[in-house]
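Number of protein chains: 2
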Amino acid sequence: MAKKMNAFYAQSGGVTAVINASACGVIETARQHKDKIGKVYAGRNGIIGALTEDLIDTSKESKSAIAALRHTPSGAFGSCRYKLKSLEANKAEYERLIEVFKAHNIGYFFYNGGGDSADTCHKVSQLSKKMGYPIQAIHVPKTVDNDLPITDNCPGFGSVAKYIAVSTREASFDVASMCATSTKVFVLEVMGRHAGWIAAAGGLASDEETEIPVVILFPEVPFDRKKFMATVDEKVKQHGYCSVVVSEGVHDADGKFLADQGLKDAFGHAQLGGVAPVVANMIREDLGHKYHWAVADYLQRAARHIASKSDVDQAYAMGKAAVELALKGKNAVMPTVVRTSDKPYRWKVGEAPLSKVANVEKMMPKNFISKDGFGITPKCRKYLEPLIKGEDYPPYHKNGMPKYVRLKNVAVAKKLDEFEVK
Amino acid sequence: MAKKMNAFYAQSGGVTAVINASACGVIETARQHKDKIGKVYAGRNGIIGALTEDLIDTSKESKSAIAALRHTPSGAFGSCRYKLKSLEANKAEYERLIEVFKAHNIGYFFYNGGGDSADTCHKVSQLSKKMGYPIQAIHVPKTVDNDLPITDNCPGFGSVAKYIAVSTREASFDVASMCATSTKVFVLEVMGRHAGWIAAAGGLASDEETEIPVVILFPEVPFDRKKFMATVDEKVKQHGYCSVVVSEGVHDADGKFLADQGLKDAFGHAQLGGVAPVVANMIREDLGHKYHWAVADYLQRAARHIASKSDVDQAYAMGKAAVELALKGKNAVMPTVVRTSDKPYRWKVGEAPLSKVANVEKMMPKNFISKDGFGITPKCRKYLEPLIKGEDYPPYHKNGMPKYVRLKNVAVAKKLDEFEVK
Numbered sequence: 001m002a003k004k005m006n007a008f009y010a011q012s013g014g015v016t017a018v019i020n021a022s023a024c025g026v027i028e029t030a031r032q033h034k035d036k037i038g039k040v041y042a043g044r045n046g047i048i049g050a051l052t053e054d055l056i057d058t059s060k061e062s063k064s065a066i067a068a069l070r071h072t073p074s075g076a077f078g079s080c081r082y083k084l085k086s087l088e089a090n091k092a093e094y095e096r097l098i099e100v101f102k103a104h105n106i107g108y109f110f111y112n113g114g115g116d117s118a119d120t121c122h123k124v125s126q127l128s129k130k131m132g133y134p135i136q137a138i139h140v141p142k143t144v145d146n147d148l149p150i151t152d153n154c155p156g157f158g159s160v161a162k163y164i165a166v167s168t169r170e171a172s173f174d175v176a177s178m179c180a181t182s183t184k185v186f187v188l189e190v191m192g193r194h195a196g197w198i199a200a201a202g203g204l205a206s207d208e209e210t211e212i213p214v215v216i217l218f219p220e221v222p223f224d225r226k227k228f229m230a231t232v233d234e235k236v237k238q239h240g241y242c243s244v245v246v247s248e249g250v251h252d253a254d255g256k257f258l259a260d261q262g263l264k265d266a267f268g269h270a271q272l273g274g275v276a277p278v279v280a281n282m283i284r285e286d287l288g289h290k291y292h293w294a295v296a297d298y299l300q301r302a303a304r305h306i307a308s309k310s311d312v313d314q315a316y317a318m319g320k321a322a323v324e325l326a327l328k329g330k331n332a333v334m335p336t337v338v339r340t341s342d343k344p345y346r347w348k349v350g351e352a353p354l355s356k357v358a359n360v361e362k363m364m365p366k367n368f369i370s371k372d373g374f375g376i377t378p379k380c381r382k383y384l385e386p387l388i389k390g391e392d393y394p395p396y397h398k399n400g401m402p403k404y405v406r407l408k409n410v411a412v413a414k415k416l417d418e419f420e421v422k
Numbered sequence: 001m002a003k004k005m006n007a008f009y010a011q012s013g014g015v016t017a018v019i020n021a022s023a024c025g026v027i028e029t030a031r032q033h034k035d036k037i038g039k040v041y042a043g044r045n046g047i048i049g050a051l052t053e054d055l056i057d058t059s060k061e062s063k064s065a066i067a068a069l070r071h072t073p074s075g076a077f078g079s080c081r082y083k084l085k086s087l088e089a090n091k092a093e094y095e096r097l098i099e100v101f102k103a104h105n106i107g108y109f110f111y112n113g114g115g116d117s118a119d120t121c122h123k124v125s126q127l128s129k130k131m132g133y134p135i136q137a138i139h140v141p142k143t144v145d146n147d148l149p150i151t152d153n154c155p156g157f158g159s160v161a162k163y164i165a166v167s168t169r170e171a172s173f174d175v176a177s178m179c180a181t182s183t184k185v186f187v188l189e190v191m192g193r194h195a196g197w198i199a200a201a202g203g204l205a206s207d208e209e210t211e212i213p214v215v216i217l218f219p220e221v222p223f224d225r226k227k228f229m230a231t232v233d234e235k236v237k238q239h240g241y242c243s244v245v246v247s248e249g250v251h252d253a254d255g256k257f258l259a260d261q262g263l264k265d266a267f268g269h270a271q272l273g274g275v276a277p278v279v280a281n282m283i284r285e286d287l288g289h290k291y292h293w294a295v296a297d298y299l300q301r302a303a304r305h306i307a308s309k310s311d312v313d314q315a316y317a318m319g320k321a322a323v324e325l326a327l328k329g330k331n332a333v334m335p336t337v338v339r340t341s342d343k344p345y346r347w348k349v350g351e352a353p354l355s356k357v358a359n360v361e362k363m364m365p366k367n368f369i370s371k372d373g374f375g376i377t378p379k380c381r382k383y384l385e386p387l388i389k390g391e392d393y394p395p396y397h398k399n400g401m402p403k404y405v406r407l408k409n410v411a412v413a414k415k416l417d418e419f420e421v422k
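Line by line, the protein sequences give chains F and B.
Numbering of the first sequence is given in our numbering, commencing with residue 1 and proceeding in unit increments.
Numbering of the second sequence is given in our numbering, commencing with residue 1 and proceeding in unit increments.
Excised from the complex, chain F in its bound form:
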């Protein structure tokens, strides 16, 4: 690409504690190559910002504001859940994208997201060939679900894992203090509808030095009430208490979600509850133990205050590598984390073709779940531990609150007619 082109960057899907660290990596690296990359325009609310020509001029942000993205959770430019249809099914969208790219001289497309986003990015990468518009599309991996293939792990996951591991250990210490006369079982609901990566992190609460009775309910293992109760009962008998980490996606052998208990309020209205209270109620019914339950929900993926240093470093590195791949002339690729050693943990940046990433969901290997179905294996621990390694605290204000940055998010002047996103 001889002419100096601008770059487009967007955040996609559920945000994480470190997706802004990737944004930081993209923007800081692009700024170091002003000879080759012009401005970085961010899509306001993800790809929708590209379709509606709602672009943010990141060059209006100070060096320190961009640097602060590294320690700020959530998506600084806004995100969305929107998957482009195929070129055949909705050509108008692709034509619009090209129109916007042309109008703003965009030659680089950096898309920061999970599996669906990798698919969108892959489609954009084909615009050169299929519609004659020269663009290099690079995907920046991000997902708390850790379900992207090829890369050893996904930025975003390590910090959720650390939050869940630390929180489970802390709450378990609490229950252990109370169990002689009060609460005996603590139930924590975690994210992960299809894969049990996050639930597995609950297993890290217990280790050789600090053993804790943790029972994990994975979405990979059909729920067996009798077997589960026998396991909880045994742990309570042995340790006096027990912690249960339950994935939101746990279901029975027929595929029915445990969370879906057909709850109705006093007026007969259907109520949506979580799976944690369901499991807790079952424990009360079957074993009679006093329980407490928590649902971490957004807290787990937003908890930048307890982010993993590995995760922050990798999120930044992925953003940086994406720009470097673009500068090397690459298209339709995604930088990856390649693990080169478990102990000491070492990793380097690799590269994967988007054709092999898009729409492929990486499930937990079967040998990561213990034989009884309620715990993690040493192999799983060996994989997970490096991902929660190290602390990377945000700075704090004098009033005790973390210093998270809010960007100015100055809009780029529109040049085109409106476009309606359906």
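Treat the hints with caution; some may be incorrect.
Same chains, same names: a pair is fine if it fits in one copy or spans any two.
The calculated lysine to any residue pairs, modelled on SDA-like cross-linking and capped at a C-alpha distance of 25 Å, are [as the list claims (entries may be wrong)]:
#1 K330 / G350
#2 K309 / Y393
#3 K227 / M282
#4 K290 / R81
#5 K256 / R284
#6 K422 / V236
#7 K91 / D417
#8 K290 / H251
#9 K403 / E391
#10 K382 / G350
#11 K102 / S59
#12 K309 / K398
These are computed hints drawn from the structure, not numbers from a lab.
Put chain B on the given structure of chain F with help from the hints.
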């Protein structure tokens, strides 16, 4: 007290992120006065350990293990919810206490808890006068509910407040990223059945530099669905999103808890749910917004990883001061936090008679809640902010997990017959 006596220390009621810091203060200070105080015996599982003669010899713990209590959440010796009846109602219990104290040469009684515990401690302090056993009883304040009188605040509360403030800010950043096309309202359920101190901490998520639309549901304000929905609707219209922090104790004008919606599962079994899903479901019904909800439960009071430095310092200081008061010959008192300046925050240790502490619940002042009933006033902020000031991180293992200590908790040899606690 001429003869060198041993001390008894026990933790009572719900544990906190910093109650062990008070234990650390008691034990380290007692160890500095070996000329006057013999051993510190801890009650296993609180006062029950005294009644059952289940004492822990803290002198068996290393200096570093005791020091590590300062950064370890939960109750290292176990806690319980057990309130002594009056001397008239259950004289046998008091006779047993005296028997145990005599058998183990105990002359100091340090009791670490909230309002109910202050009452128990007060009763024990009267044993000298009423039953002729010389003992000095000092209460060490602790409660996440912040509801003890006289003391400016209670150790345990500041760290919960920091956890809730930080978590609400982080989750709000998350929702703000998603709100254009997805989740618009985030609901976080927090502790506090009678007083809204913890819910008020949600208000700290928003400040001058980082404004966030937060709606608080206090137990002090009867729930008015229509008014609440109008407020949420207005915030969403103005900011695109809104966070709701709801106290578990929120109830309607008739005193009916909002959490108590008579939920039944598909089989008609009563289900216990939290208040967060109830509020979230109402928002869906009335406003149609996509929502997420979380229940922090034990995570909030166990979260030593995000403890407030003010809180840790004060928890330690209260333990230390309790021993110093005992050495001064005091009985039936509690050390307190006395605030001497808001900005810069300054405090010193004071002292309160237990007769004025026991069974008195400090409610939130009315002028701490904004006129509309959904927020905190500047006065409240001025009070709360110093309490979450400063960070005090625990050390971490190389594997990314916090280093929390587990004591050996060696039992003191029993000298008496068994005693049944009813």
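Quiz prompt | Non-conforming hints, listed in increasing numerical order | solution = none
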